[in-house]
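Residue 13 in our numbering is what sits at position 13 of the sequence shown, and the numbering runs on without skipping anything.
To be clear, the hints were calculated from the coordinates, so they are not data collected in a lab. Check before you lean on any hint, since a few could be wrong.
[Stated by the list, open to error] Derived lysine to aspartate or glutamate pairs resembling EDC-like cross-links, with alpha carbons at most 16 Å apart:
| hint | residue 1 | residue 2 |
| --- | --- | --- |
| 1 | 76 | 55 |
| 2 | 63 | 23 |
| 3 | 76 | 24 |
| 4 | 76 | 41 |
| 5 | 76 | 3 |
| 6 | 76 | 18 |
| 7 | 76 | 37 |
| 8 | 63 | 41 |
| 9 | 63 | 18 |
| 10 | 76 | 23 |
| 11 | 46 | 24 |
| 12 | 46 | 59 |
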Amino acid sequence: MIDHAFLDRYEAAAGELERLPVEERAGLASRWTIVDELLQDLHMIKHGYTTEGYERHVERQLKALCADESVVARLKGSGL
Numbered sequence: 001m002i003d004h005a006f007l008d009r010y011e012a013a014a015g016e017l018e019r020l021p022v023e024e025r026a027g028l029a030s031r032w033t034i035v036d037e038l039l040q041d042l043h044m045i046k047h048g049y050t051t052e053g054y055e056r057h058v059e060r061q062l063k064a065l066c067a068d069e070s071v072v073a074r075l076k077g078s079g080l
């Protein structure tokens with residue numbers, strides 16, 4: 001589950017898992033990749049590169065993977 005604590009770490013490392021100390025990376029790789037992919041999807045949506053169907057798919061993914069709507073809003077507003 002993606003929550004604010006995870007996004008705090010992600011933002012502190014500027015989206016680069018390698019910036020975290022090795023001992024802090026354990027268990028984060030899969031969620032890190034998911035956030036990377038969601039941010040890329042949101043970027044493509046913002047710039048009109050996707051279909052409405054894909055946008056709905058991404059919305060479903062956001063709701064399924066994020067702890068709550070505030071996390072979804074934070075991802076959508078992220079400058080990363």
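Cross-check of the supplied hints:
1. 76 x 55: Cα-Cα ~12 Å, so holds.
2. 63 x 23: violated, 30 Å
3. 76 x 24: violated, 25 Å
4. 76 x 41: Cα-Cα ~10 Å, so holds.
5. 76 x 3: Roughly 13 Å separates the two Cα atoms, so the pair holds.
6. 76 x 18: Violated, at roughly 23 Å.
7. 76 x 37: holds, 12 Å
8. 63 x 41: Answer holds: residue 63 to residue 41 is near 14 Å, not above 16 Å.
9. 63 x 18: violated, 27 Å
10. 76 x 23: Violated. Residue 76 to residue 23 sits at ~29 Å, over the 16 Å cutoff.
11. 46 x 24: Violated, because 32 Å separates the two Cα atoms, which is more than 16 Å.
12. 46 x 59: Cα-Cα ~13 Å, so holds.
Hint compliance for this structure: hints 2, 3, 6, 9, 10, 11 are not met, and every other hint is.
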